[in-house]
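Trainee: Sequence order for the protein chains is A and B.
Residues in the first sequence are numbered consecutively from 92, following the numbering used here.
Residues in the second sequence are numbered consecutively from 89, following the numbering used here.
Worth flagging that the hints you see were computed from the coordinates, not collected in a lab.
There may be inaccurate statements among the hints.
One-sided and incomplete, this derived list gives chain A residues near chain B with beta-carbon spacing under 8 Å [claimed, not checked]: (1) Glu118; (2) Phe120; (3) Phe128; (4) Leu136; (5) Leu138; (6) Lys157; (7) Ala159; (8) Glu162; (9) Asn163; (10) Ile167.
Dumping the calculated DSSO-like pairs for lysine-lysine here, alpha-carbon to alpha-carbon at most 30 Å [to be verified]: (11) B/Lys200 - A/Lys165; (12) A/Lys172 - A/Lys129; (13) A/Lys165 - A/Lys103; (14) B/Lys192 - A/Lys103; (15) A/Lys304 - A/Lys165; (16) A/Lys174 - A/Lys157; (17) A/Lys174 - A/Lys103; (18) A/Lys249 - B/Lys192; (19) A/Lys249 - B/Lys181; (20) B/Lys181 - A/Lys304; (21) A/Lys165 - B/Lys124.
Ranges of calculated distance between the beta carbons of each label pair, as one might list FRET restraints [claimed, not checked]: (22) A/Leu111 - B/Pro103: 19 to 29 Å; (23) A/Ala150 - B/Arg189: 22 to 32 Å; (24) A/Met170 - B/Lys200: 42 to 52 Å; (25) A/Met195 - B/Glu150: 23 to 33 Å; (26) A/Ala150 - B/Glu150: 41 to 51 Å.
Only a predicted model underlies this, so the values are computations on that prediction, with no experimental measurement involved.
Just so it is clear, CB atoms sit at the ideal spot from N, CA and C, and this is done for glycine as well.
Residue strings, one per chain:
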Amino acid sequence: MKSFASVNLSQKVFSRLLVLYPRGYREEFGPHMSQLFKDCSREALALRGTTGLITLWLATLPDLFKTAFEENFKEITHMSKEKFHRLGKWAFVLGAALFLLAFMIGSMETSTEDPFGGPDALIEYFKLGIGPLAMLLFFVGIASLRSAYGDAAGSIAKTMLSISAIGSLAGGIGAIGTGLMLSGEPWWHLFIGGAMFMLLGIGVFGIYCMQRKVLPGLNWLFALGGLTLPLLSLAQIVFQLATDSQVNPAVWLSQLALGVTTLALLAAGLQLQGEKATTSKATR
Amino acid sequence: MKATTAPHDLLPLTPAVFHILLALMDQERHGYGIMKEVEQQTEGEMVLRPGTLYQAIKRMIELGMIEETDDRPDPALDDERRRYYRVTGLGRKVASAEVDRLRKLLALARNKQVTAFGIYP
C-alpha cells in the first residue's frame with residue numbers, strides 16, 4: 092500500500108514538471124511520458140526500494156530539464172522561422188512587383204531618342220528609389236527561399252541562392268549609388284552586376300527545383316525568371332567578342348527579356364504563397 | 089509539397105534513434121517496451137529516460153521513420169491508454185543505410201589498424 096502511494100506521488104510530481112515542456116508537446120506526449128515514468132517508478136521501487144526511486148529521480152531530472160529546454164528552443168526558433176518564411180515570400184512578391192512596376196512606368200516614358208520608353212527610362216526610376224527597395228525586398232525574399240527550400244533543392248542550389256542574396260545586396264548598393272549619382276559608372280556596374288548574379292542564382296535554383304520537383308508545380312518559373320536576362324547578356328558578350336563589335340541587343344529584345352523576367356519572378360513569388368516550406372530533415 | 093526523403097538524407101542517426109529503430113524491428117512496442125528493449129539490447133549501456141525517448145519518438149514520427157498503431161498485441165492484457173509504435177518502410181531503409189554507413193566506417197578503421205584495444209602501427 093505504501094509503495095503504491097509512493098509510485099502515485101512520484102508520477103504526480105513528474106506530471107506537474109511536464110509543464111516545463113511547450114504546450115503542444117505536453118498535450119501530445121505528456122500522458123505517455125507520465126505513464127512511462129510511473130512504470131519506471133514501480134520497477135525501481137520493486138527492485139531497490141526508496142533508494143531505487145531516488146536514483147531514478149536523479150537520473151530523470153537532468154534529462155527532463157535538458158529535453159524541455161531543447162523543445163522550448165525548437166518551438167521558439169520554429170515560430171520565428173515560419174514568420175520569416177511568410178515575410179520572405181511576400182518580400183519576394185513585392186520585389187518582383189516593384190520590378191514590374193518600374194518596367195511598366197519605364198515603358199510609358201517617351202522621348203525622341205527612345206519613343207517606346209524602355210531600359211533607359213527604367214534606369215531613371217531605379218535612381219529614384221524603386222531599385223534599392225526592390226533589391227532589398229529581393230534580398231529578404233531570397234534569404235527566406237534559401238532557408239525554406241534550400242535543403243530540398245540541394246547544396247549547389249543553396250550556394251547559388253547565397254550568391255543571389257549577396258548579388259541583390261550589391262545591386263541594391265549599386266542602385267543607391269546610381270540614384271545619388273555618386274560617381275556614375277562604377278555604381279551602375281555594381282547595380283547591373285549584382286542584379287545579374289541575383290538573377291543567375293535564382294535561375295540555377297529554378298533548375299534544381301525542376302529537377303527535384305521542390306514545388307508542386309511551375310518549378311520552371313524560377314528558371315525562366317532568373318536565366319532570361321543573364322542568358323541574353325551572355326549572348327551579347329559572346330556576339331560582341333566574336334564580331335569584335337559593340338552592338339547591343341535591340342531595345343524590343345531587352346524589353347521582352349525584362350518583361351519575361353519580371354512577370355516570371357512575380358508569378359513564382361505568387362506561387363510560393365500558401366506553399367508550405369520543406370525544411371531540413373537531418374536527424375541529429 | 090514534401091520532397092521525397094531519401095534514407096541517406098537522414099544519416100547519421102543518433103544512438104537513441106538507431107536503437108529505437110532496432111527495438112521496433114521485430115515487433116510493435118509502447119514507450120516502456122522500447123525503453124526496456126533498448127536497455128536489454130545494449131546490456132544496460134543505454135537507458136533512455138522519458139524526455140529523450142519521447143523527443144526521439146516525436147522526431148521519428150515527423151520524419152516518417154515510425155508510426156503509431158492502434159493494434160494491440162493482446163488487448164486483454166494491455167492498458168489501452170498506451171500508445172504503440174511500429175517501424176515504417178522508410179524506417180527500415182534508414183536503418184539499413186545506417187548499418188551500411190557503420191560497416192564502411194568499421195572497414196576504414198580496420199584499414200587504419202584501429203581496434204577496440206588500441207592502435208597498432
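Trainee: Each hint needs a verdict: does it hold in this structure or not?
Mentor: Hints and how they fare:
no., hint, verdict
1, Glu118, "violated, 12 Å"
2, Phe120, "holds, 4 Å"
3, Phe128, "holds, 5 Å"
4, Leu136, "violated, 15 Å"
5, Leu138, "violated, 13 Å"
6, Lys157, "holds, 7 Å"
7, Ala159, "holds, 7 Å"
8, Glu162, "holds, 7 Å"
9, Asn163, "violated, 12 Å"
10, Ile167, "violated, 16 Å"
11, B/Lys200 - A/Lys165, "violated, 39 Å"
12, A/Lys172 - A/Lys129, "violated, 36 Å"
13, A/Lys165 - A/Lys103, "holds, 26 Å"
14, B/Lys192 - A/Lys103, "violated, 47 Å"
15, A/Lys304 - A/Lys165, "holds, 28 Å"
16, A/Lys174 - A/Lys157, "holds, 26 Å"
17, A/Lys174 - A/Lys103, "violated, 37 Å"
18, A/Lys249 - B/Lys192, "holds, 28 Å"
19, A/Lys249 - B/Lys181, "holds, 27 Å"
20, B/Lys181 - A/Lys304, "holds, 22 Å"
21, A/Lys165 - B/Lys124, "holds, 28 Å"
22, A/Leu111 - B/Pro103: 19 to 29 Å, "holds, 24 Å"
23, A/Ala150 - B/Arg189: 22 to 32 Å, "holds, 30 Å"
24, A/Met170 - B/Lys200: 42 to 52 Å, "holds, 45 Å"
25, A/Met195 - B/Glu150: 23 to 33 Å, "violated, 45 Å"
26, A/Ala150 - B/Glu150: 41 to 51 Å, "violated, 27 Å"
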